[in-house]
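Trainee: Below are the chains, spelled out letter by letter.
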Amino acid sequence: MDKNISMDKMKVGQSALIVSFTDELMSLKLLEMGCVPGELVILECKAPLGDPISISVSGYLLSLRIDEACTVIVAIQD
Amino acid sequence: MENKKIKVALVGNPNCGKTSLFNALTGLNQKVANFPGVTVDKKTGYCKLSDAKGNTIDAEIIDLPGTYSLYPKSMDEHVTFQLLCDPRNPLHPDVTLVIADASNLKRSLFLCSQIIDLKTPVVLALNMMDLVVKKGLEINIPMLEKKLGIKVIPINAREKIGIDELKKAISGDLTAPRADFINIRSFAPEVVDLIQKTIHVNSDYVAFQIANNYELIPFFNQNPQKKEVIKSFLDEHKFNSSSLQATETLERYKILAEKVIKDVVIQKDIQQKKQFTSKLDRLLTHKVFGYVFFLLILFLIFQAVFAWSTLPMEWVQKGFQKLSEVTQNALPPGFVNDLLVNGIFAGLSGIVVFIPQIAILFTFIAILEDTGYMARVSFIMDKLLRKFGLNGKSIIPLVSGVACAVPAIMSTRTIQSWKERTITILVTPLMSCSARIPVYTLLISMVVPNRYVLYSINLQGLVLMALYLIGFLTALFAAFLLSLVLKAKERGYYIMEMPVYRMPRWSNIGITIIEKVKIFLFDAGKVIIAISIVLWFLASFGPGDRFKNIEHKYSKTEFTKNLTSQEIKRHIQSEKIAASYAGSFGRLIEPVIKPLGFDWKIGIALITSFAAREAFVGTMATIYSVGEEDSHESIKEKMMADINPQTLKPTYTVAVGYSLMIFYAFAMQCMSTLAVVYRETKSWKIPVFQFAYMGVLAYIASFVIYHIFK
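Protein chains in written order, with our numbering: chain A, 18 to 95; chain B, -7 to 702.
Extracted from the complex, chain B is given alone in its bound form (with noise of 0.2 Å):
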């Protein structure tokens, strides 16, 4: 026989412990997806329950974000009102599991009231009851449950302690709460009425919100006639909805003050003494020790993502080489064997080479997120960060960028306005990340002389440094810019809850750490699989016999005699690359870049660039035939031998080096970049613009650099 399934919404303030709850309901069985429509990421997760008669039961447990309100008033509170408030929802739940934090009573019932009124089966978990303990206060259980009509049940998400309760009170036999917490048909009768004629809802209130925000409703959109309907006679009765809002949360504050929390709270011991939390903030805020401690903080984050995420780097692309060779000896070479080492291991190791980085940042952040800390950081750094449209916690990613912009980007979700989110996502990527270093190193070599100025400064090292200092100052200036242009898609607020301080969870961190793994692995990955596989192919294919009469060349030998067959190999490959379909490109766009210096070699680099900055480096060795085995120094050497055959000249003049420098600098030329940032604005056209603005910055500096030097 078929289990029987039921859909639980689970719904609470933010920092109430929900996504702990959330775990240790579903531990690892969990996915995340999109809801339907908004680019609110959907958790879910499965969990068994089995009733009173021992059946099991299949539970669907839906992970809903945040809010203190079901009044919507952010994308994330759209989808919370929508799949509560309408009940042609698919995803409208059976029961909504509400968790509170027992130390802030007062506010957490206020949702829980109102979702009471909603009419569906409602379980109250109790959290952080070992807090209520500590502040000297004593909740009656029954009183409460009374009170409210709903089973409460007291729990302690972090310690897994009430879990099996918890479980029991959802698979047992649940019925909508009887009794109306506030009188929600008063304050507009007429209104109610004809909500609940025209979609047939049961619950006052109900139709009241649905009243209040119609046109998020489908329904109302598949009906437009109804919704006229509607809106002329929310007109003609002057239904004011902020002034009813406002009456309604003034109400069942009301109720809950004299009425519930009057009766269920027991003030035991009166020794309020000063909390600690209170203590830590002085200190973690202070003018001085707070920035000093900051700095450390971002300091070790910084050093653990850049140095202690190159041995496992290593790792994942000495396996792929290693697997690459195996394969490439296993199978019979041609096309097959190519496209499997070149193309999809080649693809699939810049992704995977990206999974310690993801890691190591998102255990910090986890910690940061799970002991309150980032509220904290949030706090000090946001006025600075406003004043370039940015949000205090826009630090996180800028700081990290430094390393990678791909785990950066995926840490913007802990900045809850969307316009700020955005502005930090499209200028991160303007900080100088570690696959430019390569880049930069090499050209700094061949232009910079390597002199000391002031007796002690390398030039050297002063120019790295300058291109460290762009990145970062373009990037606020960007986000200054951004912040004029963007329009904000709601009203945003700072007002934020700061969590007590709590010790981490471990098993909370590892959960984290996964979802973020995977949701690279399978989200963005597919974008970095499907382009690597076209820069192959564009790179190892061209056009016509062009491949055919190379080999044919090197078959004769009056070519190859005075040459070993290394040196073979890699006059085929060079030659290959520049009758490749990339090389045609490169020639395509020459006088296109030729205004910055660029000649198409230069032109085969940017676009094999693509897959990762340092991929400019290889390209260079191969169009320059240096093999692999041969240090830096001679791809510099060969490079500086270049004669530009119209100029007669060297290519790589200063100002070649400069301009090239300052358009790594800037060019958005990271396909994972582009991946991810698809992937976390769920749509392609924050990446398309980005991919766009940074392009023409790069051009236009690109140009003036090199008329600057040349």
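Here chain A stands alone, though its shape is the one from the complex (with noise of 0.2 Å):
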């Protein structure tokens, strides 16, 4: 059962796993802010042209732009 996705496919509402990154120097600074893989990550919205999207994660709110979060894998949870 193949639910990993970049985390920009993600749509409003859907929770997902973090599962690993595709750039490294993208991902330290996303570590450091408590997206480690495990973390539980929802999609609270998006901006009105799409781009940036805003995730809740580890008990905040982190704004981030498509091209960062597609370097994020995530399982979507049902």
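Since the hints were derived computationally from the structure, they do not count as laboratory data. Heads up, a few of these hints could be off.
Said to hold, decoys possible - Some but not every residue of chain A turned toward chain B, in silico, with C-beta under 10 Å:
no., residue
1, GLU49
2, VAL53
3, PRO65
4, ASP95
It should be emphasised that the depicted structure is a prediction, and the values quoted were computed from it without experimental measurement. Don't be surprised by glycine CBs; every beta carbon is placed ideally from N, CA and C.
Got two chains here, separate frames each, mind docking them using the hints?
Mentor: And the structure:
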């Protein structure tokens, strides 16, 4: 059952678990902000033009651009 | 006896209430200076503490830029790294005060755990305890102290709760944390050993941090051989900084989750209702309502900076006029009198007059920042402005630039990325500021007929609007070009926390305004005074005996018999400015500006406009000897009657008028803006480049316009 997608493909309201990262430098920044593998993320909202997006992770809201979100692989939770 | 002095570094995540705590600890006892060698502002404040025996301790609090980790990723974070990880740094603290957002405990403790491992005395201030309660959670403070091995004080920085306890903790007998939070030595034992031997640090983690960023430690730049040794040693041991960093981060979060948070945070009630922030975000980032609301905010800011500042600005100008009059009459006429009144007071008035606009704009910006709305502005504007190399937050400086570029450029502080901030600073003065209005209206009334086209559209109004539009579009276009040329100094991230919405704190806003006004007055003010004295000198003195000759000429009655004393005075002024250094300079540059349709008189005005663009009108009035009591109309009539001695046609043709307007739209003729750009970028490179590129742009555009209309 393959539900791994990059985070930019998530829909508003969907929740997922962080699986891995595809960009090392970007991952360092995300890791230290608490986006560690296994952490639950919820896509809270998207900016009116679809970019950036806002996710809730580890109890707070984080906004990131689509080209940053696509370096994060997540597993969709049902 | 001299009081004991200690240095306290204040460290924390962005948006954790660090500024509130800094303000609560130091009040107005703060100053802003530079960290040596970098463009980062160093905010320090002082507070008095007393130890258990009742002795007073003077604490110097250093407010370090907000960061999520000790690993430096931006210029600001370099400073934090250097201060905390280099024991030889003159600002290396005696105590590190970590402030944590208790409602975001895990992420805040991540940074705290790194600082614990540096093995200098640490106190943790747990802020936003009220939000913890709202989330239905409880934090076991004694347990947290035990787990971390440091003193933990719950506070509410905004309400100034817990500040006394915090002060007591800082002044108490603090020892360095005994236990390491993670065993960093096991990551790279040989490297840690070598660094410890080379630079004599006791903490394993300091050594490990230095191994990752030895280029930032001055010691190694002073001892290049030792740097080489480290470098080859790291290569030899295949020290992979990024992957070790990732491992360390994961390890810390693992321990935090499994061994700390689990035992410290107690879930009291499960009623996890949808938070207020999420609901408000739905509304404020909505496709339609989000922009409507933002437009309203922009409209309000714009109105305020533009309209509310008019009255206080008038007071400043009137006040200085009065002061000048009194001084002029009190002191004997001569060099000192003239320097004081026309050089120094004119310069001072030109500085003080900006304070109302700066204060008003920063009231709004502080509110936007304090409430958390600024992050949403960035969120909804980012995609639109990113195309032009700008940041979502650039919209605030761009719009405020329509009132005045000076406060607008100071407001670019909120943009984190160096590149996006620099581009915003470079293009903001292209926005049509209010100082251009007198120039535009005078020129438009001269060359554009006051007619209506299509029954209802006033032609003069149309041209004025076109000038504003040209300024805005050119700013976007220039930003786009600059984004292709400028090289980023660091990898830029957008990744940003969206803070929860909170009510603004008036005391924080007040302190922000005072800080901004102080920075402008003392840092940019120096430059403005210096330039205005130079400008005064250029306009008030002439080479050789020229000035004496003019006075001599008008002392003879054959010249003055038909003139009133007022008229004589004006004629003298008019001839003096033509004979002054500024006049000579105007003639000197005439061949250069001739292709734009300008003569030497316009040349003089271009020079004096450097004090402020609206000086164009005043200079023209002096050159054409029009009195202050005369209206706009009479300057216009005099200028339009002016005949070019070579072509025997009017000097101010339609082509010259348009060419001049375009020149004023593009040229960087504002010393105050240049001074503030210098202050904000901490180097002359950016303001000089800005002056040059806007000058070239103005020259080419005016040349083209002149030849189209000729």
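Trainee: For each hint, tell me whether it holds in the structure or not.
Mentor: So, going through the hints one by one against the coordinates:
no., hint, result
1, GLU49, "holds, 4 Å"
2, VAL53, "holds, 5 Å"
3, PRO65, "holds, 4 Å"
4, ASP95, "violated, 19 Å"
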